[in-house]
Amino acid sequence: MDILFFKIALVAYFLSTVGYAVSLVVKKVLAARVSMWILCAAFLIQTLAFGARCIETGRSPILGIYDALGLIAWIMTGTYLAFQLKTKTRILGAFVSPVAFLLMIVASVRLGNDVAIPAVLQSSLVPVHIILAVAGEALFALASCAGAMYLVQDKLIKNKKGRSFSRLLPSLRDLDRINHLCLLSGFPLLTLGVLVGSVWARTAWGSNWQWDPKQLWTLMAWFLYALLLHQRLAIGWRGHKTAWFSILAFIFLLFCVIASRFTTSLHSFV
Amino acid sequence: MNHKTAPLEIREKLSLSCWSNLNPLSELMKIPQVKEAMYLSTCNRVEVLADTTDTADAVANFRSFIFNHGNLSPEEMEKCLYVYSDLEAVKHLFRVSSSLDSLVMGEPQILGQVKDAYHRAMENKSTGMVLNKLLHQAFQVAKRVRTETAIANNAVSVSYAAVELAKKIFGNLQGKTVLLVGAGEMAELAARHLINQGIGRFLIANRTYARALELADAFQGKALEFNDLPQGLGDADIVISSTGATGYIITKEMVAKTLHGRKNRLLFLIDIAVPRDIEPEAGEIDNAFLYNVDDLQEVVDENLQGRRQEAEKAEAIVEEEVAKCRTWINSLQVVPTIVSLREKVEGIIKSELDKSASWMGALDADTRKNVEIMASSIVNKIIHYPIASLKEESQDDGLAPYLVVVRRLFKLDQG
Chain A
116 MDILFFKIAL
126 VAYFLSTVGY
136 AVSLVVKKVL
146 AARVSMWILC
156 AAFLIQTLAF
166 GARCIETGRS
176 PILGIYDALG
186 LIAWIMTGTY
196 LAFQLKTKTR
206 ILGAFVSPVA
216 FLLMIVASVR
226 LGNDVAIPAV
236 LQSSLVPVHI
246 ILAVAGEALF
256 ALASCAGAMY
266 LVQDKLIKNK
276 KGRSFSRLLP
286 SLRDLDRINH
296 LCLLSGFPLL
306 TLGVLVGSVW
316 ARTAWGSNWQ
326 WDPKQLWTLM
336 AWFLYALLLH
346 QRLAIGWRGH
356 KTAWFSILAF
366 IFLLFCVIAS
376 RFTTSLHSFV
Chain B
43 MNHKTAPLEI
53 REKLSLSCWS
63 NLNPLSELMK
73 IPQVKEAMYL
83 STCNRVEVLA
93 DTTDTADAVA
103 NFRSFIFNHG
113 NLSPEEMEKC
123 LYVYSDLEAV
133 KHLFRVSSSL
143 DSLVMGEPQI
153 LGQVKDAYHR
163 AMENKSTGMV
173 LNKLLHQAFQ
183 VAKRVRTETA
193 IANNAVSVSY
203 AAVELAKKIF
213 GNLQGKTVLL
223 VGAGEMAELA
233 ARHLINQGIG
243 RFLIANRTYA
253 RALELADAFQ
263 GKALEFNDLP
273 QGLGDADIVI
283 SSTGATGYII
293 TKEMVAKTLH
303 GRKNRLLFLI
313 DIAVPRDIEP
323 EAGEIDNAFL
333 YNVDDLQEVV
343 DENLQGRRQE
353 AEKAEAIVEE
363 EVAKCRTWIN
373 SLQVVPTIVS
383 LREKVEGIIK
393 SELDKSASWM
403 GALDADTRKN
413 VEIMASSIVN
423 KIIHYPIASL
433 KEESQDDGLA
443 PYLVVVRRLF
453 KLDQG
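The listed protein sequences correspond, in order, to chains A and B.
Residue numbering for the first sequence follows our numbering, beginning at 116 and increasing consecutively.
Residue numbering for the second sequence follows our numbering, beginning at 43 and increasing consecutively.
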């Protein structure tokens, strides 16, 4: 059942991606509006897929790296839809929906072949750890998306060029707010995720901290985001600088994820 | 006449005199050839739209109507007036209502003005089937042009362009603070545009404090001493500068300092003064955006260019709708001829039957009936082909000569 839902959700993500592309080409709001509703449907169906998986297996729906990708797609979509309610940021959907679609394609690799879970991971803390950390990362991804759009829009307004494109992008203030809110909510999620992981590590490995490469990299990324939030909240960084910083921080985070896959790590399971 | 053909003084004369005059519509309806009429008068055009029995005579009468009311010399009038008939007139009506014929192409007021003129005509009962149909179609064309092209999308005035840019930066302008530096006319104009956007607060700094107070009164804002300008900068989201000063009033250093003090809250600087008030380099600072008059004018020019491109699409829509209308107008022309053709042959049958009454009286009732039926069916068969051909021709442009020929051959216009 969950596989069926997953496939339907995948198709819906595809359709909404196509819809957004069409809306960009023909510059019709209607196409974007329809795509938004399709995206909304994709989100709900994927929610069902998670639910069905949970019921059928009796375990957390998020186990391997592929599930995590699906979760990132789900969170990005959900967050975008929430912003869509508050601000006129329809165009952001055109960035989010293809990313979600690609993540889903990669995630679809796991369909049908369930991973065997090592005994050491048989703890209820593990899924909590994964979900929190992945959710935090998904929000950071969205923050960097908004940051990138901010930089584009900022450049267009400063250079007094490309006005027809500038008109399509949301206002600077909205983009800055999305960036801000994503950072603000992503950070505690990642922090909690890391803490839960360390509690579990004590039960599994006997100590909270292992000096494992993946742990180290993630910690560094965490410090980077902590610094960014500090600058933003205490020093009053806004707009241009935060947009840059959040993109760089996310690139670093991505780099950490990739780097830790190529090093021998206690933390690689699937 | 419109803004392209008639100078303002002449349009003025005409629209003024028409206001003082009681009712141009009832005057128009007194012209014998006029079946239906509508009178449209705006600041950019004075137009009469009418369905007539005889175009040439009616036009001559319209000329004298305008002549009498506008106190114009015949030469002036000859230069200013334009006359469209048939499909050209339909096209003109569609172009006017969809704002393609306006001074500022794409401006939204004209449709409302056409609607008002139409309602006034309806109240005066001077519209009939033709005008009703045409006007309703014109409203639809205007709607199509509005929704299917981007003709009315972009700002085409400097102050409106500034508002649009501000929206690109701040999203909506509700609750934002505007600082006016210098209290000139330009500043006032821009401020009026901003008020419509729900601006929260106005600050006014001017060399002469009294004038600042005056403007502060008008906009329910707060006047600042000129020396408090840096402080005003710190509070403002949008700064509009328009002083007559020769040097820079707001320097890069001031902007940098104020941004630091306000935790980098975005700042939109608009410099509409010539010579400039704000140091151009101020626009290079992060989170500060500087536009001067030329930049804004460029936005406007680009938008106008865009409108012209959209206008081509709009013209295509108008052509399409005119084509739809053509079929209908042609069928209007063909119907009276067909009717009189039928009347003519029915008259012939009747008179022939009357003539034959003497010998037909000898026949019994059934046979007499059959003879009558046969006579009328022969005649109907014969005129069936001309009628069918007329209807066919009414689908395209070649109708007029056929109408003439049919009327001639059957002598429809003589008793």
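Keep in mind the hints are simulated off the structure, nothing from the lab.
Ideal Cβ placement from N, Cα and C applies to all residues, glycine included.
Treat each hint with caution, since some may be false.
To be verified - Dumping the calculated PhoX-like pairs for lysine-lysine here, alpha-carbon to alpha-carbon at most 20 angstroms:
id : chain 1 : residue 1 : chain 2 : residue 2
1  : A       : K273      : B       : K294
2  : A       : K201      : B       : K210
3  : B       : K167      : B       : K133
4  : B       : K433      : A       : K356
5  : B       : K294      : A       : K356
6  : B       : K210      : A       : K275
7  : B       : K209      : A       : K273
8  : B       : K157      : B       : K167
9  : B       : K167      : A       : K270
10 : B       : K386      : A       : K356
11 : B       : K305      : B       : K175
12 : B       : K453      : B       : K392
13 : B       : K133      : B       : K157
14 : B       : K167      : A       : K275
15 : A       : K143      : B       : K423
16 : B       : K175      : B       : K77
17 : A       : K143      : B       : K185
18 : A       : K201      : B       : K209
19 : B       : K133      : B       : K355
20 : A       : K273      : B       : K175
21 : B       : K366      : B       : K392
22 : B       : K305      : B       : K386
23 : B       : K210      : A       : K276
24 : B       : K433      : B       : K423
25 : B       : K423      : B       : K386
26 : B       : K121      : B       : K46
27 : B       : K185      : B       : K366
Claimed, not checked - Covered stretches of chain A (chain B as the covering partner; in silico rule of three or more C-beta atoms under 8 angstroms from a C-beta of chain B):
id : stretch
28 : 266-276
29 : 354-364
Unchecked claim - If you want a taste of the chain A side facing chain B, the calculated C-beta under 10 angstroms gives, among others:
id : residue
30 : R174
31 : T202
32 : R205
33 : R282
34 : P285
35 : S286
36 : L287
37 : D289
38 : D291
39 : S300
40 : I350
Restraint satisfaction for R205 (chain A) [CB to CB of chain B, less than 10 angstroms]
Hint on R205 (chain A): violated, closest Cβ of chain B at ~13 angstroms, above 10 angstroms.
20 angstroms Cα cutoff - pair K185 (chain B), K366 (chain B):
holds, 16 angstroms
Within a Cα-Cα threshold of 20 angstroms, do K210 (chain B) and K276 (chain A) meet the stated pairing?
Judged against 20 angstroms, a Cα distance of about 13 angstroms means the pair holds.
Given the hinted pair K201 (chain A) and K210 (chain B), is their alpha-carbon gap at most 20 angstroms?
holds, 17 angstroms
Given hint K270 (chain A) paired with K167 (chain B) - CA-CA distance at most 20 angstroms
violated, 59 angstroms
Need the status of pair K433 (chain B), K356 (chain A): alpha-carbon distance at most 20 angstroms?
Not satisfied, since the Cα-Cα distance of roughly 73 angstroms exceeds 20 angstroms.
Double-check R174 (chain A) for me: the hint is only fine if its C-beta lies closer than 10 angstroms to a C-beta in chain B.
Hint violated; R174 (chain A) Cβ to chain B Cβ min 44 angstroms, cut 10 angstroms.
Taking the least C-beta to C-beta distance, is L287 (chain A) closer than 10 angstroms to chain B?
holds, 5 angstroms
Can the restraint linking K305 (chain B) and K386 (chain B) be considered satisfied, given a maximum Cα separation of 20 angstroms?
violated, 91 angstroms
T202 (chain A) as chain B interface residue, shortest Cβ-Cβ below 10 angstroms:
holds, 7 angstroms
Given D289 (chain A) as an interface hint, is the shortest Cβ-Cβ distance to chain B below 10 angstroms?
holds, 5 angstroms
May I ask you to test the interface hint for I350 (chain A) with respect to chain B, counting a Cβ-Cβ separation under 10 angstroms as satisfied?
holds, 8 angstroms
Of the numbered hints given earlier, the model fails hints 3, 4, 9, 10, 11, 14, 15, 20, 21, 22, 30, 32 and 39; all others are met.
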